[in-house]
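All chains should be modelled from the sequences, with the hints used to inform the complete structure.
As they're listed, the protein sequences go chains A and B.
For the first sequence, position 132 (counting from the first letter as 1) is numbered 132 according to the working numbering, and the numbering increases by one without interruption.
To get the working numbering, take the position in the second sequence, counting from 1, and add 200.
Rather than coming from a laboratory, the hints here were simulated on the basis of the structure.
Backbone N, C-alpha and C define an ideal beta-carbon position, used for all residues, glycine too.
A few of these clues could be false.
[Unchecked claim] Only pairs whose alpha carbons sit at most 20 Å apart, straight line, appear in this in silico EDC-like list of lysine to aspartate or glutamate:
id, chain 1, residue 1, chain 2, residue 2
1, B, 254, A, 151
2, A, 35, B, 322
3, B, 235, B, 246
[What the hints assert, rightly or not] Non-contacting residues of chain A with respect to chain B, defined by C-beta distances greater than 10 Å in every case (computed):
id, residue
4, 139
5, 177
6, 180
7, 196
[Claimed, not checked] Below, a sample of chain B positions facing chain A; criterion: calculated Cβ distance under 10 Å:
id, residue
8, 221
9, 240
10, 243
11, 255
12, 259
13, 292
14, 297
15, 324
So you can see what is in the structure, the chains are spelled out below.
2 protein chains.
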Amino acid sequence: MVGGSERIERLIQELAKMPTIGRRTAQRIALYLLKTPEEEVRSLVDAIVEMKDKVGYCSECGAISESETCSVCTDPRRHRSVICVVEEPGNVMGIERTGEYRGLYHVLHGRLSPLDGIGPEDLSIDRLARRIEDLGIDEVIIATNPTVEGETTCNYIAGVVKSLGVRVTAIARGVPMGSDLDFADELTLARAIQGRGDIK
Amino acid sequence: MVGGSERIERLIQELAKMPTIGRRTAQRIALYLLKTPEEEVRSLVDAIVEMKDKVGYCSECGAISESETCSVCTDPRRHRSVICVVEEPGNVMGIERTGEYRGLYHVLHGRLSPLDGIGPEDLSIDRLARRIEDLGIDEVIIATNPTVEGETTCNYIAGVVKSLGVRVTAIARGVPMGSDLDFADELTLARAIQGRGDIK
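Here it is as structure tokens:
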């Protein structure tokens, strides 16, 4: 390992396993950590260890939680008749930041993907059906990603929810705010036209 | 911290301090670490802690080293009459990967930047002068970055080396290999023309 070190190399390899981090970025981060004061690196390491030790998923909805049941599921002020279905825990954080939604969540922890061998039994869809019945839900809002797999997952879940006789909706797909129509792809623009709403 | 957790938030903030990592990437990495098996996260943490514990900089040249003096400085097969001056330890790793250079290094750990209050006394330029004399160097190759600050640093060091009566060279600036001339900026193209070489 001329010019470097085996340990730096090992760290670069570990860092490069993380999403969005390529080898070049991993090297940059490793060298940054090498020159960063001990206490600051300690603080990062502690944050990782403590998160891993104390944070998990809500046993009810699957969102991030530091206790058995998350702060949404235990909050008596949340509307307990609406469930929003998302693919990943991060999506809950995103929707919460909007402040637009006051109902409950259901996190699938994935999406239907036949090519990767991920079927309905690998997602928590049975549990979703049970929650819908137990809680007496009257609307399920599906907020899966606007991708092929997300749409497939959306359609599958919509079928399950409809068979329970419950209203099912999907978040709007359309042109993102602050963008320029000229830069919207055809599919997005087509969905925006299909999903047009009356101007009140 | 509705929908998330204080500990996830703290980790996101720690991760976002690292170079190239914005808040969005930091969140993605934090959620990736949350769902990654314990052993794998342990392996990352161990790599950070061990690197921090065992890796440092060579007391001679300033390159990365797991011992007092690095593997380049102690290698009897390296040409001890040439020194290549670089800004950061990562640059040594890059040059070593080319296999083109067999001399010694000198790492500045920075660059002249009057706006940030970084002057010659903050870089290891005095030590470079001492090494040039002690080792009886007969060529100093300057490989600072092709930026305004890098060029300023290069010019300053060139002055110091010349005053010692030693030959000083700079790595070529020009169009990068595998690129298209149409995409080269004017400054790069101008330097490529100025630095043209005879075809042998």
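Status of each hint after checking the structure:
| no. | hint | verdict |
| --- | --- | --- |
| 1 | 254(B) <-> 151(A) | violated, 50 Å |
| 2 | 35(A) <-> 322(B) | holds, 15 Å |
| 3 | 235(B) <-> 246(B) | holds, 18 Å |
| 4 | 139 | holds, 19 Å |
| 5 | 177 | holds, 17 Å |
| 6 | 180 | holds, 22 Å |
| 7 | 196 | holds, 30 Å |
| 8 | 221 | holds, 8 Å |
| 9 | 240 | holds, 8 Å |
| 10 | 243 | holds, 6 Å |
| 11 | 255 | holds, 5 Å |
| 12 | 259 | violated, 15 Å |
| 13 | 292 | holds, 4 Å |
| 14 | 297 | holds, 8 Å |
| 15 | 324 | violated, 14 Å |
The structure does not agree with the numbered hints 1, 12, 15 stated previously, though it agrees with the rest.
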